[in-house]
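Q: Same order as they appear, the protein sequences are chains Y and B. Okay, so the first sequence: first residue is 1 according to UniProt numbering, each after it adds one. Okay, so the second sequence: first residue is 1 according to UniProt numbering, each after it adds one.
I should point out that these hints are in silico values taken from the structure, not numbers from a laboratory. Bear in mind the structure is a predicted one, so any value in this text is a computation, not a measurement. Note that the Cβ used here is the ideal one computed from N, Cα and C, for glycine as well. Some hints could be false.
Said to hold, decoys possible - Keeping only pairs whose Cα atoms sit at most 25 Å apart, straight-line, the calculated SDA-like set for lysine to any residue is: (1) Y:Lys-173 / B:Arg-53; (2) B:Lys-101 / Y:Gly-56; (3) Y:Lys-240 / Y:Val-217; (4) Y:Lys-173 / B:Met-83; (5) Y:Lys-173 / B:His-186; (6) Y:Lys-83 / Y:Val-245; (7) Y:Lys-240 / B:Glu-110; (8) Y:Lys-83 / Y:Leu-270; (9) Y:Lys-173 / Y:Leu-193; (10) Y:Lys-83 / Y:Gln-256; (11) Y:Lys-240 / Y:Thr-40; (12) Y:Lys-83 / Y:Arg-271; (13) Y:Lys-83 / Y:Leu-232; (14) Y:Lys-83 / Y:Val-233; (15) Y:Lys-240 / Y:Met-222; (16) B:Lys-101 / Y:Val-175; (17) B:Lys-101 / Y:Ser-169; (18) Y:Lys-240 / Y:Trp-260; (19) B:Lys-231 / B:Gln-145; (20) Y:Lys-173 / B:Asp-159; (21) Y:Lys-173 / B:Thr-162; (22) Y:Lys-173 / B:Lys-231; (23) Y:Lys-173 / B:Tyr-11; (24) B:Lys-101 / Y:Arg-271; (25) Y:Lys-173 / B:Thr-87; (26) B:Lys-231 / B:Ser-250; (27) Y:Lys-173 / B:Gln-78; (28) Y:Lys-173 / Y:Thr-145; (29) Y:Lys-83 / B:Gly-63; (30) B:Lys-101 / B:Gln-78.
Claimed, not checked - Stretch by stretch, here's where chain B covers chain Y in the computed footprint (C-beta under 8 Å, at least three residues): (31) 169-178; (32) 183-196.
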Amino acid sequence: MGIAEQAGFSIAEKPGTKARHPKRMRGLAPIFAGFILPITLGLGWEIAVRTGVADGRLVPPPSRIFETVVELAQSGELLLHIKATCLRVLAGFSGGTLAGTLLGAIAGYSLLTRRLVDPTLQALRAVPSIAWVPLFILWFGIFETSKITLIAVGVLFPVYLGVLGAILSVDRKIVEVGRVFRLSPFALTRRVLLPSILPAYVVALRGGLGLGWMFVVAAEFMGASEGLGYLLVDGQQLGKPQQIVTAILIFAILGQASDWLLSTAAAPFLRWQDSFSTSD
Amino acid sequence: MLEAHQIRKTYPNGTVALHDVSLNVTAGEIVVIVGGSGCGKSTLLRVLSGLERPSAGWVSVDGARIEEPHPAVGMIFQEPRLMPWLTVRQNVGFGLSHLPKAERLARVDEVLARVGLADYGRRWPRELSGGQSQRVSIARALVTQPSVLLLDEPFSALDAFTRIELQDHLLELWAGSRQTLVLVTHDIEEAVALATRLVVLKPAPGRIATTFDVQLGQPRSRLSIAFGDEKRRLLAALDHSLSEFRAQVSG
Ligand SMILES: Nc1ncnc2c1ncn2[C@@H]1O[C@H](COP(=O)(O)OP(=O)(O)OP(=O)(O)O)[C@@H](O)[C@H]1O
Ligand SMILES: [Mg+2]
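Chain B on its own, in the form it takes in the complex (with noise of 0.2 Å):
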């Protein structure tokens, strides 16, 4: 489905984000990207959603090199940048402007109703909470039926309650839907409850310290047992790619 082949990312200014990269993404799956901070999970993002070009390597979809945004790829950004300029359901139809209007408008009421807002179509964008904001912006998102949404960190400016309904509802709509999901975050509990494979990154160069499956089916509860043995997993592999680069530094 989304393939990418040994990506190495060098910025202009000399930093090596990505090092021999590859990640190969099935059809239906939820894959989780972890690591701390400055390990490159963006970078690999942007480069899978075609936005940044890799130095070196290619990413595919469908079999088809991608130089540039696919239609088929979505992207959530952390941020919900939105049109400040547009109403929410103008915003939620931004990428639909080639279908009639009648159409488009069905369509994005359809999604408003599926993130839970109907009745906020006509607000601006300044009128709505953080979290109503990044709800409106995965319905942007959802509204082209993308078969892979790319998610950076999407839910991490918001507060606990918040971003457990959204990590739930995320579930609810890849239950209904299958979509390909890519997810980029620092919170091991949201990387346990999502993933169906979690895929740890290291940091200086960023590179893939280990690749596992979670073997947990869905829905989970946050409180079982099982879901503890996930993330304490997901720890001591965090853990150990830390270690790990802290011995390279001082070594």
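One chain only, chain Y, in its complex shape (with noise of 0.2 Å):
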């Protein structure tokens, strides 16, 4: 019999209060008060408009704001520059995406890539991307394909520092546990590695996507007819502040919305992380 059994210590063991992790409580009320500020700044102002405190010309009040998006709703124009917006970010992270996760895998993997490739990569990060912008339009013309690839310029960066150094800062550790087992190249890379710098990757990938809704709003003012940036610089021009003041609360709406589809649809893959939340 050993010492510890001999001191009443025994080593099946139950698991102590609960098994599987409780839920996290989120009470509403934090919710709640991050609303009393806007709410009460709008109501102030309205207010202040209707009593004619003040004239809300360059201002608008959130009521003007609300008729200004019905107008263009009904007109089925907000839904076309919804729509067109929504359709270049698409393909601009989709195409920054793919590229930096590509160029980043590579030169995670291969040390002579990364020596040839990186330096440059770095250099151009370098660059501000909309300083693209006159060459990409004597390239491409003032169409959808300069926008695009601004966007996916925007994008790529950020995805490609991600994946490069999550594949760098792989826990050499846990690889020598997967070649313990002989798992092959394949079988490494799928049950080890892609697990492994997933976190970071989804990080990565938010991170990019809050650069492409920046970057589709400077394509946008390249010049478009139309776009969530068109509605901007036509407000402008004709002297709408509400249809700027439009634009830009449905930009916020759009860009939360994204980043929330993003990192629920990574949720299930990242349940096992102590600190991951999708409020984040």
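Reconstruct the complex from the two isolated chains, following the hints.
A: Put into structure tokens, the structure is as follows:
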């Protein structure tokens, strides 16, 4: 009999209190708290304009913005612009993600490629992406191709860096476990490398998506006949601040929604993570 | 069973970690390798496992030379090294992916029960204590039923009670299966409690200082006089190899 048993320790264990991870409780109060400020400001401004304290010409009150949304929606214009912008982001994000992932994976796997490619990419990354605009217009014209390329370039770098960094920081010790179990290179990639880079990859994709939304505005400033960026330009030229604010609000909603979609799609694969939550 | 012949290992930075180390482990033995820090214990185990190629010499398992990890040789590392994205059950079954699911699950549950974690199969690694994680990693190595198990300071990160508990548990498992064990430790008590044969390494470069059989049957009482005698014998051997080293450094 070992000392441990003599001392009353036993090896068989029952799970302590709960075997399952308890669902994180999210009270509703903190969410409501976040609405207090914008609603108060909005109401305050509405009252100020209605009572004639302010004229609200340059800063439209919530009711005017709401009217604009309804008008644009009823004419079918709103949907048209949203669709155009979303398609651009989708195309640019897909292209940038694909290229960034491939480049990052190749550079991460092969030291030689990394030495060859990484310095150039790092140098290109230092160029503010908007600076490409004139060149892209010369190369691809002022229509869709140059817009989508610009968005893709914006997305490419964070994705590339995320993938490369994730591959380089894969825990060598865990890879060794795979080797002890004699996994083939393919199995090692699928069962060890991919799962361990996934969290960083999702973060990189979310960063890339955020930049995609940023660059779609720049791309649509380049001259577009539809899209939310066009609404912005049009609103400025025709002096319609309510249209500008409407477009801004829709950008905010779309950005949040697409980010939520991305992290929700990834969440089932990241359940094991301590820190992962869709809200951050 | 497991043989190392005149192993030398020189790392790319010039460190000579092992110099002509030969070791012949017969089936059913528990060989415990002891030695001061940096004298090449981990390196030796990694060479035995096939994770690291020796600069000279060779390792064979059942007469066949190995260049990379061998299915008959399992390895337990100093840290649990569990995959954080797999549940306990999936971690334990990691090396069994070639088996049909039903059989895999049956074997996993059986081995989890053996290490005392039958009810923990659905947990994530982050939800385990250090000792529980290490037990899962032991289960992961045991479940493929390797005939040789290499253990690199498997209990060193644990508190004294858990350590003793797991040592006893390892002996229990060994009594049932009579696997061949090669275990690295720098804990004298652990060495004497487990070993059928002790191998003392000396540093710079790592060589075998001495080897001797432990003259105690199992189970061993850590409080007995004979246990104390073996401990002193090992301490003397370690001391001797170290004083030799010091003389060599100062002389
Ligand atoms: N990857 C490496 N590259 C270069 N030198 C190394 C490497 N790994 C270990 N060494 C050196 O080889 C020698 C033996 O190291 P090893 O890890 O085998 O020691 P150890 O006996 O396991 O020590 P400890 O008890 O501290 O774990 C040490 O001098 C160490 O500095
Ligand atoms: Mg070591």
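Q: Does each hint hold? Answer for all of them.
A: Results for each hint:
1. Our distance criterion of 25 Å between C-alpha atoms is met by Lys-173 (chain Y) and Arg-53 (chain B), whose separation comes to about 17 Å.
2. Proximity of Lys-101 (chain B) to Gly-56 (chain Y) is assessed by CA-CA distance (about 68 Å); at most 25 Å being required, the pair is judged violated.
3. Proximity of Lys-240 (chain Y) to Val-217 (chain Y) is assessed by CA-CA distance (about 18 Å); at most 25 Å being required, the pair is judged to hold.
4. With a C-alpha separation of about 10 Å, the suggested pairing of Lys-173 (chain Y) with Met-83 (chain B) holds against the 25 Å cut-off.
5. Restraint check: the Cα-Cα separation between Lys-173 (chain Y) and His-186 (chain B) comes to about 21 Å, which is no more than 25 Å; the hinted pair holds.
6. Between Lys-83 (chain Y) and Val-245 (chain Y) the alpha-carbon distance is near 18 Å, which keeps this suggested pair within the 25 Å criterion.
7. Our distance criterion of 25 Å between C-alpha atoms is broken by Lys-240 (chain Y) and Glu-110 (chain B), whose separation comes to about 72 Å.
8. For the given pair, Lys-83 (chain Y) sits about 31 Å from Leu-270 (chain Y) by alpha-carbon distance, which is inconsistent with the 25 Å threshold.
9. About 12 Å separates the Cα atoms of Lys-173 (chain Y) and Leu-193 (chain Y), which keeps this hinted pair within 25 Å; it holds.
10. The straight-line distance between the Cα atoms of Lys-83 (chain Y) and Gln-256 (chain Y) is roughly 16 Å, inside the 25 Å bound, and the hint therefore holds.
11. This hinted pair checks out: Lys-240 (chain Y) and Thr-40 (chain Y) have alpha carbons roughly 24 Å apart, not beyond 25 Å.
12. Distance restraint check for Lys-83 (chain Y) and Arg-271 (chain Y): the Cα-Cα separation of roughly 33 Å exceeds the 25 Å cut-off, and the hinted pair is therefore not satisfied.
13. As the CA atoms of Lys-83 (chain Y) and Leu-232 (chain Y) are separated by approximately 15 Å, the hinted pair is consistent with the 25 Å bound.
14. A distance of roughly 17 Å separates the Cα atoms of Lys-83 (chain Y) and Val-233 (chain Y); the hinted pair therefore holds under the 25 Å criterion.
15. Our distance criterion of 25 Å between C-alpha atoms is met by Lys-240 (chain Y) and Met-222 (chain Y), whose separation comes to about 20 Å.
16. Distance restraint check for Lys-101 (chain B) and Val-175 (chain Y): the Cα-Cα separation of roughly 24 Å lies within the 25 Å cut-off, and the hinted pair is therefore satisfied.
17. Of the supplied pair hints, the one linking Lys-101 (chain B) and Ser-169 (chain Y) is violated, its CA atoms being roughly 32 Å apart against a limit of 25 Å.
18. For the proposed pair Lys-240 (chain Y) and Trp-260 (chain Y), the alpha carbon gap of about 31 Å is over 25 Å, so the pair is violated.
19. As the CA atoms of Lys-231 (chain B) and Gln-145 (chain B) are separated by approximately 31 Å, the hinted pair breaks the 25 Å bound.
20. Between Lys-173 (chain Y) and Asp-159 (chain B), the direct Cα distance comes to roughly 23 Å. Compliance with the 25 Å bound is thereby established for this hinted pair.
21. With a CA separation close to 24 Å, the supplied pair Lys-173 (chain Y) and Thr-162 (chain B) stays within the 25 Å bound.
22. The suggested pairing of Lys-173 (chain Y) with Lys-231 (chain B) is violated, with an alpha-carbon distance near 33 Å, which exceeds 25 Å.
23. A hinted pair counts as satisfied when its Cα atoms are at most 25 Å apart, and Lys-173 (chain Y) with Tyr-11 (chain B) qualifies at roughly 18 Å.
24. Taken as a hint, the Lys-101 (chain B) and Arg-271 (chain Y) pair is honoured in the structure, with Cα atoms around 22 Å apart against an allowance of 25 Å.
25. Our distance criterion of 25 Å between C-alpha atoms is met by Lys-173 (chain Y) and Thr-87 (chain B), whose separation comes to about 18 Å.
26. Between Lys-231 (chain B) and Ser-250 (chain B) the alpha-carbon distance is near 28 Å, which puts this suggested pair outside the 25 Å criterion.
27. Between Lys-173 (chain Y) and Gln-78 (chain B) the alpha-carbon distance is near 10 Å, which keeps this suggested pair within the 25 Å criterion.
28. Our distance criterion of 25 Å between C-alpha atoms is broken by Lys-173 (chain Y) and Thr-145 (chain Y), whose separation comes to about 45 Å.
29. The straight-line distance between the Cα atoms of Lys-83 (chain Y) and Gly-63 (chain B) is roughly 69 Å, outside the 25 Å bound, and the hint therefore fails.
30. Distance restraint check for Lys-101 (chain B) and Gln-78 (chain B): the Cα-Cα separation of roughly 29 Å exceeds the 25 Å cut-off, and the hinted pair is therefore not satisfied.
31. With 4 residues having a beta carbon nearer than 8 Å to a beta carbon of chain B, the segment 169-178 of chain Y meets the requirement of three or more and the stated coverage holds.
32. As drawn, the segment 183-196 of chain Y meets chain B at 5 residues by the rule of a beta-carbon pair under 8 Å; at three or more, the given contact holds.
This entry does not satisfy hints 2, 7, 8, 12, 17, 18, 19, 22, 26, 28, 29 and 30, going by the numbered hints stated previously.
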